[in-house]
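Colleague: Chains as they are written, first to last, in my numbering: chain D, 1 to 328; chain F, 329 to 671; chain R, 672 to 1111.
There may be inaccurate statements among the hints.
Simulated coverage check for chain F against chain D, where a stretch passes if three residues somewhere in it have a Cβ under 8 Å from a Cβ of chain D [claimed, not checked]:
#1 443 to 450
#2 657 to 669
Here are the simulated lysine-lysine pairs, DSSO-like style, with alpha carbons at most 27 Å apart [to be verified]:
#3 F/LYS663 to F/LYS640
#4 F/LYS612 to R/LYS703
#5 R/LYS815 to R/LYS793
#6 R/LYS815 to F/LYS439
#7 R/LYS793 to F/LYS378
#8 R/LYS749 to F/LYS378
#9 R/LYS742 to F/LYS384
Everything labelled a hint here was simulated from the structure, so no lab data went into it. C-beta atoms are modelled at their ideal positions from N, C-alpha and C, and glycine is treated no differently.
Single-letter residue listing:
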Amino acid sequence: MPEITYREAIHDAMVEEMRRDENVFLIGEDIGTYGGAFGVSAGMLAEFGPDRIRETPISELAIVGAAAGAAMVGMKPIAELMFMDFVLLALEPLMNQAAKARYMFGGKATVPMVVRLPGGSGTGAAAQHSQSLESILMHIPGIKVVAPSTAYDAKGLLLSAIRDPNPVCFVEHKLLYKVKGEVPEGEYTIPLGVADIKHVGSDITVVTSGIMVQKSLAVAKKLSQEGISVEVLDLRTLRPMDTQAIINSVKKTGRLLVVHEAVQTGGWAGEVMAVVSSSEAFDYLDAPMRRLTGKDVPIPYNRFLEAAAVPQEDDIEAEIRAIVSNKY
Amino acid sequence: MTTWKKEEFDNFETTDVLVKSKELGLSQEQLVDMYRTMVKIRLFEEMADKQYALGKVHGTMHLSAGQEAVAVGTGFAITKGDYLLNHHRGHGHFIASGADVNKMMAEFLGKETGYCRGRGGSMHIADVTANNLGANGIVGGGLQLAAGVGLAIQMKKTEQIVLTIFGDGAANEGIFHESLNMAAIWDLPILYLCENNQYGMSANVARVSAKTPFKDRAAAYGIPGYYIDGNDVLAVYEFIRNAAENARSGKGPVFVEAQTYRYFGHSKSDRNLYRTKEEIDYWKSVEDPIIRFEKLLLTANLINDQSISKIKEEMSEVIDESVTFAENSPEPDVKDVMEWVYA
Amino acid sequence: MPTPFIMPKMDMDQEVVTIISWLKNEGDRIEKGESVIEVETDKIVSEIEAPESGILANILYHENDEAPVTKVVAYILKEGESLDSIPIGEKTVETTISKPEEASKDTVTAKSTLHATPLAEKVSKDLGVQLEQVSPSGSKVTRKDVEAFAERMKEQVTPRVSVPATPAARSLAEERGIDLGVLSGSGPRGRIQAADVPMQAPTTIFRAGVTTSVPLVGKRKRIAERLTASYQSTPHIYITVEVDMTSSESARKQINMLAEKEGQLAISVTAFLVKMVTWALGRHPYLNASLQDDKILLSEDANIGIATAIDDGLIVPVIHSANKLSLREINTQLRYLTNQARTGALTAEQVTGGTFTISNLGMFGIGSFTAIINPPQSAILAVGGLVRKPVVVDENDTIAVRPMMNLTLGADHRVVDGAVAASFLADLVTVLETPELVLY
């Protein structure tokens, strides 16, 4: 099977869908000749022209607002925001307009749009260009939030997101862009709202997403040689969350660790833990549920401080060991 | 006290309806119809106020009594099929564009038969299938959607325009600038109508807006702009119709600022402390759009005291019926509270 | 019909307005649009205009009243109309509007004039008690009041369940019919983990979850028969000694400090004694023997019976293989067996097989006593209470107050000679006075 990068997978998904459906168009800053800040839309201007690869002024508010308006009248816009941090400038159209139009109008409107958001830390971009804000986005009913961790998932999920009749936030971790993975040729989609067990295990369930999936898998492989069997559950979609998959896994292993890069307080690990403790999985817990998350701090500039601000493989390993040896 | 300087307007004041209507190609019937619609809006707003005072409306309302000429002039000037985006004081515009007052009243009372099945209320009334993309609870909310609708029209190459109506307050929101800039660079078919009723919530326009009239701000983006007497219904009709044609032609967006005045407070919590009773009375008597048009129609013998009473009676009945319809309509089923969050 | 004058609702969430004044009186002529009432909402003062012209009549809400919005506050009569056409119920209204805010204000002020003694204030700070929450037993809040309050608070913090266990452990225990109380937990704070729950209830010592008790019919009769037989057939020799329990008590205290920190049960004096006795028995096997016909059976295990007083008599549950148990295990079992004894739930297994018995009447303030051996055992230790006494503690005849305890060993003289008994007792005293020796 061919191997392509996460970036290429996203590019391919957009190109293939734009060929198939003329209502799909990309709107954002520097997506034309420049090829997008992270090079995802390279070459697309030449194929689709300036109307459908619609470069904008620096106007995040209007980009997302226009995407909402166009979606309401039958187009399928994909808005690319340069950094996830800039979605903060566009929260109003996303959360007040796009998320609520269908409900407020008694079910008589649809807003099929995608907002693509490169996020996450590790590139030295510091506090205002490194955030993981999915916990805020998933709080609003009417929005869906997707966060793929592999090239394979990225392509299949983006296709589903574009075809989904609801506003979808598509979170791309910057450090994943260059990661290669096997991606079949030909069309395939991955449904939103379905998690994926990337490593089967029996001693502990690690619920995670994005780049933490990669780190957790590395730890799982290492610990399996010591007889500690780690199950890595990649949520893939944060809203709607595949709660049944989580419950089933915890019933099997009796132990839960949630790992995410987003900041701890108000972070979605709390949501997962609440889901588990309110479910029948509670009766099967043999250890307190734990979470390992970004620290409550803006992302620092210094590379060591930056690494210390979010979970690393060593941290994940130490936490798993502590849980399975009944340290808590 | 706020008055306006008529010499600053781009329009000539309508003094003779027969001459003006010939100029604009309007029949006498249409003139009387315009008058009838303005009366309908005024009576509807007064009834909405009454329903509120009786405690039957949950929440609040933003009434547009005093702004009927802008609504009717605009509603008659645009083409059916054009997209409409409104602000939260939009009952008048909605009625002038042909909305069913029964469904409007039902929506205010939160009933299942309302335009939004009771889920939206006064601030979010919409009729998406008729290309009315709704009133918006966020000041300036429609300005961003308009950019997207204009973009879609351009990409689909239909002959429509999008009319986005907003107030003097919205002209100071960031989105005003992002939207106008975007519309200008892409020549989007957008008609920006700024309904300047001289107050945001309590802030007088002059106090909070650097550089008025707002058409000058449009000029900063290279967008042609006009500043007109919004209480002269035929002037409104003329300028909106021309602006719509220009926007439709692909030459790019057009900006019209219509000066008007509102009688009721901003919302139902407004005690009108920021303006005097004198001021309100002046506008209600001297500059009232319905009274002005009525005078002109009387002079032209297109109506008389009898027909005026008849029209008022008829419209009153229509409004009363809307209340009856709304009251007899069912509440939504509580079990359905989670419906329509996702498609 | 007279026109109802309705108080309009002017605001979201508004339910009432307060009437400041009526600008017109009953009987006055008012015109439509004229200001008639001055009202106050929680935001602002407003004037209410008359909805119609006519004569103002039947004012229902007056100055300082709270009038509900959307309701009738008066009527307006046109020419020829009268109030008679209005039903009585609509012409009057109850004006008793309770003002709950004032009531609560009173109670707040009452609380803040509470007095407490200076000592009570200090103690409340030390114990972390909110002084305002303590009710005085007399005219002022005293130290006793604060301490009693703190006690009650502590009780309320006591957890519902006595045994911490994970949900998985609880499920497993329930499935397998095992009483969590008999298990010891390997998790932090003594928490029972799933791995601590055995496949079956441990059968060696006690069966968990037993809810039926074996009826010991004619118990009293049996006791009588046994003791008589023992008394008559067994030549008892009695040896008494006084033990300085200072070191033992100190050791026990240390142990219990650690136990508390780890959330474990505190070790009782009796459990402590059992441990020491098994040590001593290990050095003197003839004290752990029984005479069966012509044979002296020396038992490998020390199965220590603890004479326990219950409602209808005496019962002696046995801690089997106490020599193989840790102090903690002995303590857990002892507590368990005592509870079982008190609830009449002991099984036959739990009261048989003893090789040595300890009887403690110290709790009754008994100084010393002699006990009758439980056949077929060959010894019994009667324990008195701890009494603080002045004793000579060194060669210089220094006198110190020490906690002293009397031990009286009763032994079967057929099996145990005086010297053997004495040397056992001496060892017991030695290890009680020098507890470190138990490590040897």
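Colleague: Please verify the coverage claim for the region 657 to 669 of chain F: does it have three or more residues whose C-beta sits within 8 Å of some C-beta in chain D?
Modeller: That given contact holds, which follows from 3 residues of the region 657 to 669 of chain F lying within Cβ reach (below 8 Å) of chain D.
Colleague: Is F/LYS663 within 27 Å of F/LYS640, Cα to Cα?
Modeller: Status violated; Cα separation ~42 Å.
Colleague: Do the alpha carbons of R/LYS742 and F/LYS384 lie within 27 Å of each other, as the hint requires?
Modeller: Distance ~12 Å between R/LYS742 and F/LYS384 Cα, so the pair holds.
Colleague: For the pair supplied as a hint, R/LYS815 and F/LYS439, confirm whether the alpha-carbon distance does not exceed 27 Å.
Modeller: violated, 64 Å
Colleague: Just to be careful, I want the Cα atoms of R/LYS815 and R/LYS793 compared with a cutoff of 27 Å; is the pair within it?
Modeller: Between R/LYS815 and R/LYS793 the Cα gap is close to 12 Å, so the pair holds against 27 Å.
Colleague: Given the hint that R/LYS749 pairs with F/LYS378, test it: the Cα-Cα distance must not exceed 27 Å.
Modeller: Satisfied, since the Cα-Cα distance of roughly 22 Å is no more than 27 Å.
Colleague: Sort out whether F/LYS378 lies within 27 Å of R/LYS793, counting only the CA atoms.
Modeller: violated, 64 Å
Colleague: Decide if the proposed pair is consistent with the structure: F/LYS612 and R/LYS703, CA atoms, cutoff 27 Å inclusive.
Modeller: holds, 17 Å
Colleague: Are at least 3 residues of the region 443 to 450 of chain F within less than 8 Å of chain D when you compare beta carbons?
Modeller: n = 6 at 8 Å, threshold three: holds.
Violated hints for the displayed structure, listed by number in ascending order: 3, 6 and 7.
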